[in-house]
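**Student:** Residue-level listing of the chains:
Number of protein chains: 2
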Amino acid sequence: MSNTPINDLIHTLSKIPGVGPRLAQRMTLFLLKNDKLAINQLIRDLQNACQRVQRCTACGNLSESPVCNICSDPGRDASMLCIVESVSDLWALERARFFHGKYHVLEGVLSAIDNTGPDKLNIAPLMRRMHSGEVKEVIIGLSATLEGQSTMFYLVDLLKQFNVRLSSLAQGVPIGGELNYLDNATLSAAFLDRRELAAYAL
Amino acid sequence: MSNTPINDLIHTLSKIPGVGPRLAQRMTLFLLKNDKLAINQLIRDLQNACQRVQRCTACGNLSESPVCNICSDPGRDASMLCIVESVSDLWALERARFFHGKYHVLEGVLSAIDNTGPDKLNIAPLMRRMHSGEVKEVIIGLSATLEGQSTMFYLVDLLKQFNVRLSSLAQGVPIGGELNYLDNATLSAAFLDRRELAAYAL
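Those protein sequences? They're chains A and L, same order as listed. So that you can map any letter, position 155 of the first sequence is 154 in numbering that gives the first Met the number 0, and since no number is skipped, the others follow by simple counting. So that you can map any letter, position 24 of the second sequence is 23 in numbering that gives the first Met the number 0, and since no number is skipped, the others follow by simple counting.
Keep in mind that the hints are not guaranteed to be accurate.
As the list makes no split between identical chains, a pair holds if one copy fits it or if it spans any two.
Stated by the list, open to error - Straight-line Cα separation of at most 20 Å, SDA-like style, residue types lysine to any residue; simulated pairs: (1) K35 <-> A169; (2) K32 <-> H10; (3) K159 <-> S87; (4) K35 <-> R128; (5) K32 <-> P117; (6) K32 <-> N121; (7) K32 <-> T144; (8) K119 <-> F152; (9) K14 <-> F29; (10) K35 <-> S110; (11) K32 <-> S87; (12) K32 <-> D88; (13) K159 <-> D113; (14) K135 <-> I69; (15) K159 <-> Q148; (16) K32 <-> K119; (17) K119 <-> F29; (18) K32 <-> V66; (19) K135 <-> S110; (20) K35 <-> T11; (21) K159 <-> N183; (22) K135 <-> S13; (23) K35 <-> S87; (24) K14 <-> A77; (25) K14 <-> Q46; (26) K14 <-> Y153.
Hints listed in this document are in silico derivations from the structure and should not be mistaken for laboratory results. None of the values given here were measured: they were computed from a predicted structure.
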């Protein structure tokens, strides 16, 4: 256990969110297998990603070029802008394949505990996009947490000066969700936003 | 999602045992944070480990030198040899700090399913150690699985030619284990190997 390069590697891996000391140890042992193929492949991929991946200057997404694939895609509707907290949220929406507008990655949410103020969020490029006049609807796609919702109210305040439709994601019973397992807040939100069935062809 | 260096990195990470696609994605996003400190640190540690870590030629442990710290430690009892399946098992025993002999890492167990025969195990250096005559007791510290136990019988067959004490780890109720949660095989092993209390100062 006193081999320093091994302990250094375990320590560095264990600082990655979602990787504890045990998994870091397991990963290290796998990577240091006899042939060293796995560790060399990982080093190459990390170097490649480190050198080639940057932030999209328009939206904050990860990209190989100054402007990402989504921002530069003429097939996507530039009049719809969905604001998300992180690249992983953007990826989640892209996996679902129903939104064909563009995104803006905030790179965080306002949080008093984490000392994240508006200056730490990716807001200046958002304001530039809004001033360009291209955007007609902004969908604020932030998590239904305290921080997400207070960030939403901050953004609404900031964006109401532009003549755009502002919306947020619907709250309610998740698809497949069983009522008896839902929390009170979700149930009450689902009740408040109940949908008139007369609106459907019954 | 079509950025190749990102997908390559996610793919490589997700092939590490214990890391699924979701964790690989999360790790990638963490590593590609703006400042790139984390990814550069990880690349350095991996390169360092890759270059400096090798297998101990005597026991198969990971080591920075041809012979590992444990094998070269004159304070450890060379007459006791504990055979383990993997370096992680060796680390587990070292963490418990009660064994002061030496180890031999088999680098696997016999397995028909994985097509692991005796030729794939680290057995030649074990035989050299046995022929040196230094070892007086061999403790076979393999897992209580089918593969572990059949490997144990194979080793017993191989080692009985040497005039050494052969032992295996005791099987029974784990410390802190509650009887009603134990499987039948463990309960029956614990019954068969029950300890005479008269042997203690009652």
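**Student:** If a hint holds in the structure, say so; if it does not, say that too.
**Tutor:** Hint check results:
1. K35 <-> A169: neither (49 Å within a copy, 35 Å between copies)
2. K32 <-> H10: This pair counts as both: shortest intra-copy Cα distance 18 Å, inter-copy 19 Å.
3. K159 <-> S87: Neither: 27 Å inside a chain and 58 Å across chains, both beyond 20 Å.
4. K35 <-> R128: The answer is neither: 47 Å in one copy and 26 Å across copies each exceed 20 Å.
5. K32 <-> P117: between (46 Å within a copy, 18 Å between copies)
6. K32 <-> N121: between (42 Å within a copy, 13 Å between copies)
7. K32 <-> T144: neither (43 Å within a copy, 23 Å between copies)
8. K119 <-> F152: within (17 Å within a copy, 63 Å between copies)
9. K14 <-> F29: both (18 Å within a copy, 10 Å between copies)
10. K35 <-> S110: neither (43 Å within a copy, 23 Å between copies)
11. K32 <-> S87: between (31 Å within a copy, 12 Å between copies)
12. K32 <-> D88: Classified as between: cross-chain Cα gap 15 Å, same-chain 35 Å, threshold 20 Å.
13. K159 <-> D113: neither (27 Å within a copy, 63 Å between copies)
14. K135 <-> I69: Intra 18 Å, inter 69 Å, cutoff 20 Å: intra-copy only.
15. K159 <-> Q148: within (16 Å within a copy, 71 Å between copies)
16. K32 <-> K119: Intra 42 Å, inter 14 Å, cutoff 20 Å: inter-copy only.
17. K119 <-> F29: For K119 and F29, the Cα distance is within 20 Å only across copies (17 Å; inside one copy 38 Å).
18. K32 <-> V66: between (40 Å within a copy, 17 Å between copies)
19. K135 <-> S110: neither (28 Å within a copy, 63 Å between copies)
20. K35 <-> T11: Both, since 19 Å and 14 Å are each at most 20 Å.
21. K159 <-> N183: Neither: 31 Å inside a chain and 68 Å across chains, both beyond 20 Å.
22. K135 <-> S13: neither (44 Å within a copy, 39 Å between copies)
23. K35 <-> S87: Classified as between; 17 Å across copies, 31 Å inside a copy.
24. K14 <-> A77: This pair counts as neither: shortest intra-copy Cα distance 38 Å, inter-copy 37 Å.
25. K14 <-> Q46: Intra 19 Å, inter 18 Å, cutoff 20 Å: intra and inter.
26. K14 <-> Y153: neither (32 Å within a copy, 41 Å between copies)
Checked against the numbered hints given earlier, this structure breaks hints 1, 3, 4, 7, 10, 13, 19, 21, 22, 24, 26; the rest are met.
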